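Residue numbers (the working numbering), protein chains in the order written: chain A, 1 to 82; chain B, 1 to 254.
Honestly, I wouldn't trust all of these hints.
Using C-beta positions, here's what the derived DEER-type ranges look like [claimed, not checked]: (1) A:Glu8 - B:Asp115: 53 to 61 Å; (2) B:Ala185 - A:Asp16: 21 to 29 Å; (3) B:Glu237 - A:Ser41: 28 to 36 Å; (4) B:Glu72 - A:Glu20: 35 to 43 Å; (5) B:Ala185 - A:Thr6: 48 to 56 Å; (6) B:Asp236 - A:Glu20: 51 to 59 Å; (7) B:Asp236 - A:Leu42: 49 to 57 Å.
These aren't lab readings, by the way, just hints derived from the structure by calculation.
Since we're looking at a predicted model, the values are computed, not measured.
Every residue gets a Cβ at the ideal spot worked out from N, C-alpha and C, and that includes glycine.
As a plain string of letters, each chain reads:
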Amino acid sequence: MSATVTAEQVQPVVYDALAEIGPDRDQITNDATWEELDVDSLDLAELSQVVEEKFGVRLKGDDVAQIKTVGEAIDLIVARAG
Amino acid sequence: MALETVTEPSAPGGARTREGCALVTGGSRGIGAAVARALAADGWPVALTYRSGADAARAVADGIEGDAVALEADVTAPEAAETLLAEAEERLGPVAVLVNNAGVRADGLAVQLDDEQWDAVLATNLTAAFRLTRRALRGMVRRRHGRVINIASVVGPRANPGQANYAASKAGLIGMTKTIAVEVARRGVTVNAIAPGFITTDMTAELPEDVLGEIPARRAGRPEDVAACVRFLASDEAAYVTGTVLTVDGGLSA
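Please construct the entire structure, taking both the sequences and the accompanying hints into account.
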């Protein structure tokens with residue numbers, strides 16, 4: 001884990017995790033909403049787990065409730081890791 | 001439907017077709033010991049926990065033909081879930097089956113139960129089971145397979161004077177089972193409860209004989225009767241069974 005985590009590092013991890021969880025890879029963009037991707041709270045809990053294991057960033061229930069798009073998730077992870 | 005990868009079982013019996021191990025809390029005696037043996041007979045490497053019965057726990061583990069370890073733990077300690085799961089994973093592989101069996105009782109009429117008796121029973125029977133489940137689910141959900149089996153009781157859904165704390169903990173365990181089952185069902189993880197009736201163990205040794213007259217089967221259950229149900233729920237065959245309570249009581253609740 002590097003001292004500064006960048007969006008460029010986080011994005012592929014988030015995209016890969018989401019693709020494994022359910023959505024088609026080509027649907028996943030930074031602007032995509034969870035609703036558009038058919039991603040629910042269980043999926044986000046799993047994404048949070050992957051993020052925690054990879055970047056040491058703990059996303060709690062409240063955090064997850066605030067973010068609505070893939071891009072917002074990436075931004076939050078970068079902000080928390082810094 | 002594509003077949004999942006099949007791994008060789010580590011002991012004769014062969015019902016286990018998955019990687020990983022089983023973790024059984026309260027495995028030094030009674031139902032827990034019988035469960036550990038039954039899962040081992042199906043090929044599961046087994047980690048069983050004990051709080052004070054070290055010799056008994058090791059005897060159970062040593063008596064098992066396959067891989068088995070006895071782990072000391074007070075399941076009510078906040079760090080116990082992390083410590084136990086980590087140690088079981090390191091020694092036997094990912095925990096694919098969690099049996100929340102550790103349970104205590106501290107009986108008294110509600111008007112006389114003190115806070116300590118209430119708290120102790122809820123802490124072991126319910127809170128510890130939740131924490132262990134929470135920790136075990138992380139891996140199970142990611143691996144798209146798991147079995148959580150909570151040993152509840154017919155007491156809870158049924159009244160039993162002198163056991164308001166025990167009843168609350170077991171009824172709570174059943175409620176918890178159902179909700180968590182629904183949360184994780186689509187990840188191939190099943191969560192079920194078993195409700196034993198009167199089973200001959202240290203916990204029921206003091207119970208009066210006339211209780212037997214109320215049981216349609218006219219006998220107390222054996223730990224092996226409960227273990228057989230755990231064995232089924234832990235198996236691949238039970239993949240469509242989740243969020244339910246399997247009652248093992250000789251007809252008592254019917």
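Each hint, compared with the structure:
1. A:Glu8 - B:Asp115: 53 to 61 Å: holds (54 Å)
2. B:Ala185 - A:Asp16: 21 to 29 Å: Holds, at about 24 Å.
3. B:Glu237 - A:Ser41: 28 to 36 Å: holds (30 Å)
4. B:Glu72 - A:Glu20: 35 to 43 Å: holds (37 Å)
5. B:Ala185 - A:Thr6: 48 to 56 Å: Given a distance of about 37 Å, which is not inside 48 to 56 Å, the answer is violated.
6. B:Asp236 - A:Glu20: 51 to 59 Å: Roughly 23 Å apart at Cβ, these two residues miss the hinted range, so it is violated.
7. B:Asp236 - A:Leu42: 49 to 57 Å: Check failed, 22 Å falls outside 49 to 57 Å.
This entry does not satisfy hints 5, 6, 7, going by the numbered hints stated previously.
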